[in-house]
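Number of protein chains: 2
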Amino acid sequence: MEKKESFKEWSNLYRSTLLDNVILFWMTHSLDEKHGGFFTCLDEKGNVFDTDKFVWLQNRQVWMFSVLFLRVEAKPEWLEMARKGAEFLREHGRDSNGDWYFALDRTGRPLVQPYNIFSDCFAAMAFSQFALASKCDWAQEIALQAYGNVLRRMNNPKGKYSKSVHETRPLKSLAVPMILANLTLEMEWLLDPEKVANILDDTIHQVMNQFLDKETGLIFENVALDGSFVDCFEGRLLNPGHGIEAMWFIMDVANRRNDQTLVNRCVDVVLSILEHSWDKEFEGIFYFLDCKGYPPQQLEWDQKLWWVHLETLVALAMGYQLTRREECLDWYQKVHFYAWNRFYDPENKEWFGYLNRRGEVLLRMKGGKWKGCFHVPRAMMMCWKLFESLSQEELIPNHSKTDS
Amino acid sequence: MEKKESFKEWSNLYRSTLLDNVILFWMTHSLDEKHGGFFTCLDEKGNVFDTDKFVWLQNRQVWMFSVLFLRVEAKPEWLEMARKGAEFLREHGRDSNGDWYFALDRTGRPLVQPYNIFSDCFAAMAFSQFALASKCDWAQEIALQAYGNVLRRMNNPKGKYSKSVHETRPLKSLAVPMILANLTLEMEWLLDPEKVANILDDTIHQVMNQFLDKETGLIFENVALDGSFVDCFEGRLLNPGHGIEAMWFIMDVANRRNDQTLVNRCVDVVLSILEHSWDKEFEGIFYFLDCKGYPPQQLEWDQKLWWVHLETLVALAMGYQLTRREECLDWYQKVHFYAWNRFYDPENKEWFGYLNRRGEVLLRMKGGKWKGCFHVPRAMMMCWKLFESLSQEELIPNHSKTDS
Numbered sequence: 362m363e364k365k366e367s368f369k370e371w372s373n374l375y376r377s378t379l380l381d382n383v384i385l386f387w388m389t390h391s392l393d394e395k396h397g398g399f400f401t402c403l404d405e406k407g408n409v410f411d412t413d414k415f416v417w418l419q420n421r422q423v424w425m426f427s428v429l430f431l432r433v434e435a436k437p438e439w440l441e442m443a444r445k446g447a448e449f450l451r452e453h454g455r456d457s458n459g460d461w462y463f464a465l466d467r468t469g470r471p472l473v474q475p476y477n478i479f480s481d482c483f484a485a486m487a488f489s490q491f492a493l494a495s496k497c498d499w500a501q502e503i504a505l506q507a508y509g510n511v512l513r514r515m516n517n518p519k520g521k522y523s524k525s526v527h528e529t530r531p532l533k534s535l536a537v538p539m540i541l542a543n544l545t546l547e548m549e550w551l552l553d554p555e556k557v558a559n560i561l562d563d564t565i566h567q568v569m570n571q572f573l574d575k576e577t578g579l580i581f582e583n584v585a586l587d588g589s590f591v592d593c594f595e596g597r598l599l600n601p602g603h604g605i606e607a608m609w610f611i612m613d614v615a616n617r618r619n620d621q622t623l624v625n626r627c628v629d630v631v632l633s634i635l636e637h638s639w640d641k642e643f644e645g646i647f648y649f650l651d652c653k654g655y656p657p658q659q660l661e662w663d664q665k666l667w668w669v670h671l672e673t674l675v676a677l678a679m680g681y682q683l684t685r686r687e688e689c690l691d692w693y694q695k696v697h698f699y700a701w702n703r704f705y706d707p708e709n710k711e712w713f714g715y716l717n718r719r720g721e722v723l724l725r726m727k728g729g730k731w732k733g734c735f736h737v738p739r740a741m742m743m744c745w746k747l748f749e750s751l752s753q754e755e756l757i758p759n760h761s762k763t764d765s
Numbered sequence: 362m363e364k365k366e367s368f369k370e371w372s373n374l375y376r377s378t379l380l381d382n383v384i385l386f387w388m389t390h391s392l393d394e395k396h397g398g399f400f401t402c403l404d405e406k407g408n409v410f411d412t413d414k415f416v417w418l419q420n421r422q423v424w425m426f427s428v429l430f431l432r433v434e435a436k437p438e439w440l441e442m443a444r445k446g447a448e449f450l451r452e453h454g455r456d457s458n459g460d461w462y463f464a465l466d467r468t469g470r471p472l473v474q475p476y477n478i479f480s481d482c483f484a485a486m487a488f489s490q491f492a493l494a495s496k497c498d499w500a501q502e503i504a505l506q507a508y509g510n511v512l513r514r515m516n517n518p519k520g521k522y523s524k525s526v527h528e529t530r531p532l533k534s535l536a537v538p539m540i541l542a543n544l545t546l547e548m549e550w551l552l553d554p555e556k557v558a559n560i561l562d563d564t565i566h567q568v569m570n571q572f573l574d575k576e577t578g579l580i581f582e583n584v585a586l587d588g589s590f591v592d593c594f595e596g597r598l599l600n601p602g603h604g605i606e607a608m609w610f611i612m613d614v615a616n617r618r619n620d621q622t623l624v625n626r627c628v629d630v631v632l633s634i635l636e637h638s639w640d641k642e643f644e645g646i647f648y649f650l651d652c653k654g655y656p657p658q659q660l661e662w663d664q665k666l667w668w669v670h671l672e673t674l675v676a677l678a679m680g681y682q683l684t685r686r687e688e689c690l691d692w693y694q695k696v697h698f699y700a701w702n703r704f705y706d707p708e709n710k711e712w713f714g715y716l717n718r719r720g721e722v723l724l725r726m727k728g729g730k731w732k733g734c735f736h737v738p739r740a741m742m743m744c745w746k747l748f749e750s751l752s753q754e755e756l757i758p759n760h761s762k763t764d765s
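Going down the list, the protein sequences come from chains A and B.
Start counting the first sequence at 362; every next residue gets the next number (the working numbering).
Start counting the second sequence at 362; every next residue gets the next number (the working numbering).
Just chain A, with the same shape it has in the complex:
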């Protein structure tokens, strides 16, 4: 009963923070009324401090408002927000090949070339959900075209902008199969079911048999093409938040396939990563680590980032809902307590994004080049729904379902 009450309390907290705080912040401050699209460089109180438009974040915000419209409530103003972003991106987001730029200026002129495929990934997610919400055929076409770019470019994601001499030390990166698992579910309604099944099989194979180190239960950021370990800076790199996020993507697929063994393996990995990456001195989850304990190249390695902790909360909530393993709940409480104490801004709206190792705020802005309207509201929405379902679960005896 006590547990049930915390589920109810958490569900309410995440719900009200999402709707009355986080979404309100982006509704109030981020729309560019003049040129369309969104401002994401917003200071502590929401004032715009830079007007450049980063395509990852533009697309993620279109996705977020479309999904709120579809999964939370069909509010016309949410669909309208999504449309303001989608129309701006339709006009300005792509180069003459149809590849998605990385950054645009306020008016939509390109600033940074399509040097990787993640702009295309987030465009596919955004336009797929916007098409569902708006019933616009043009959005559906854009989603399929962007998804086609991802498939076409996934084996050479940086194309001509790649600086590495591939032949000397061929590596592949976790980001590609990981994002493909999530993206394919977002696109499922537009794709051939056999194609979906094949892509998901392949991503699960790559993540769980190649990037996952069976000995330690940790996930590498980069491995050789056959999945073996490469002893160099890139090969030794661990990005705990990325590994944990990958685990809930795979858990989500496993749940739809009723593969409880795979769900359990994912939970094992989440717990191993947390055990290994939790800062025993100052709390919080490290941003980067070297698997041999050597100094990582990333000077920001010991910082505590908002998305790492939010993705962890989603993974633990989902893991608990699907397995009822108490370790998930123990860790959930620890990470929840840390995150709400450190990242949440009780004076203004939204969450801080960047803390130093001690958990003190390092940068006070609420949005920037990499932080937009995405990780905070997505995690709020998912945790709300997961705990709502857990708090009502006496009524539903089947424990193996999630509606996230």
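If you are wondering where the hints come from, they were derived from the structure by calculation, not from laboratory data.
Hints are supplied without guarantee of correctness; some may be wrong.
Under the rule of at most 35 Å between Cα atoms (straight-line distance), these lysine-lysine pairs were calculated in the DSBU-like manner [stated by the list, open to error]:
no.	chain 1	residue 1	chain 2	residue 2
1	A	K524	B	K653
2	B	K369	A	K524
3	B	K556	B	K521
4	A	K395	A	K406
5	A	K521	B	K521
Covered stretches of chain B (in silico footprint by chain A; criterion: 3 or more residues with CB under 8 Å from a CB of chain A, positions within the stretch not fixed) [to be verified]:
no.	stretch
6	379-393
7	409-418
8	472-479
9	511-519
10	711-720
Simulated DEER-style distance windows between Cβ atoms [what the hints assert, rightly or not]:
no.	chain 1	residue 1	chain 2	residue 2	range
11	B	V722	A	D456	23 to 33 Å
12	B	K519	A	D456	12 to 22 Å
13	B	R686	A	N702	44 to 54 Å
14	B	D562	A	N702	54 to 64 Å
15	B	V722	A	R686	36 to 46 Å
16	B	Q506	A	F643	45 to 55 Å
Cβ coordinates follow ideal geometry from the N, Cα and C atoms, glycine included.
Place chain B on chain A using the hints.
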């Protein structure tokens, strides 16, 4: 008299640390006896933790040992160290166009393409001084060829690897004219004097009239092609250590030209940058700042880096020697005290490179991808020589000379 004694004391400290500590560290730990070239990824005690060879650092170490041989003492083992690096680089450093790679594996196979011109800059410096030390014609040829690459590529330093859409927001970066000032002096003996004069005129013009913000006395990292301010992340970026290093490069040129007005302007800028970039709460010089006080993109902005503080010591010692302005000495003492207390490792050899904002060691290695045998020994050598000259200066009434 008291001042003279500290000059003597400092001169001895820098001299003995250079010779008995820093150079010994690299002599003992960095040579790859099997394949040639140098290991630079060395932990706290000098153990190799990664064997990749970063071309900037390989070249800088060749430069350092050549210069020690030329300017400190003609020790055969120093020339031999330089040769082991130069021969490795001659065999493996360049692609088929003669452009210098960014990174090689231990055996010399290319890992990272020539995606900017700084590998070529440091190659020109290294082979120029190695040619002087060794009297090898082939080294001289390589120096001239690398210098030719720099001049050929300087208006488009990243070439096809550039991700920015230049037409939308054309920017140029301080690094290019700044390094050219220093490099051209290093190459002077190989170049036509008129060419040298023209290049130096242009670099002084660019740095002092375009990158220098006359209103604040600070130096921008990036400006528009005409030198005007651009209000975007790159345009607002300040890199205090870089600006201060640029000032001693220009001071060095000004001194050779007996341009005392320019020397004084450089000292003004060094002092403005320090006033603006000194961390009043925890001491030390910030790594990056936004000129409007907005959050910079660089998450490592508040860290304290070894090279920033060492370049500052060189600039202040040189500034004092050339102007006798007491502010230089006041700041020198403050930075000297901070640096020796925080970066110097009394238990093992060499200096730590990376501190957090509080001045605690963030990464314990002595060398890595960016820290090699360069900034510490170069600064030690220059400060030693500058204070040696200052401590003897009663005998020499002319104050406007430096032998650095």
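Each hint, compared with the structure:
1. A/K524 x B/K653: Holds: A/K524 and B/K653 sit about 33 Å apart, inside 35 Å.
2. B/K369 x A/K524: Outside the cut-off at roughly 48 Å; violated.
3. B/K556 x B/K521: 28 Å, holds
4. A/K395 x A/K406: Holds, at about 21 Å.
5. A/K521 x B/K521: 8 Å, holds
6. 379-393: Contact hint for the stretch 379-393 of chain B vs chain A: violated, 0 residues under 8 Å.
7. 409-418: With 3 residues close enough to chain A, the hint holds.
8. 472-479: Since 4 is at least three, the answer is holds.
9. 511-519: violated (count 0)
10. 711-720: holds (count 3)
11. B/V722 x A/D456: 23 to 33 Å: Once the Cβ atoms are compared, 45 Å apart, the range 23 to 33 Å for A/D456 and B/V722 is violated.
12. B/K519 x A/D456: 12 to 22 Å: 18 Å, holds
13. B/R686 x A/N702: 44 to 54 Å: At roughly 49 Å between Cβ atoms, A/N702 and B/R686 fall inside 44 to 54 Å, so the hint holds.
14. B/D562 x A/N702: 54 to 64 Å: Between B/D562 and A/N702, where Cβ atoms are some 58 Å apart, the hint holds.
15. B/V722 x A/R686: 36 to 46 Å: At roughly 39 Å between Cβ atoms, A/R686 and B/V722 fall inside 36 to 46 Å, so the hint holds.
16. B/Q506 x A/F643: 45 to 55 Å: With a Cβ separation near 51 Å, B/Q506 and A/F643 satisfy 45 to 55 Å, so the hint holds.
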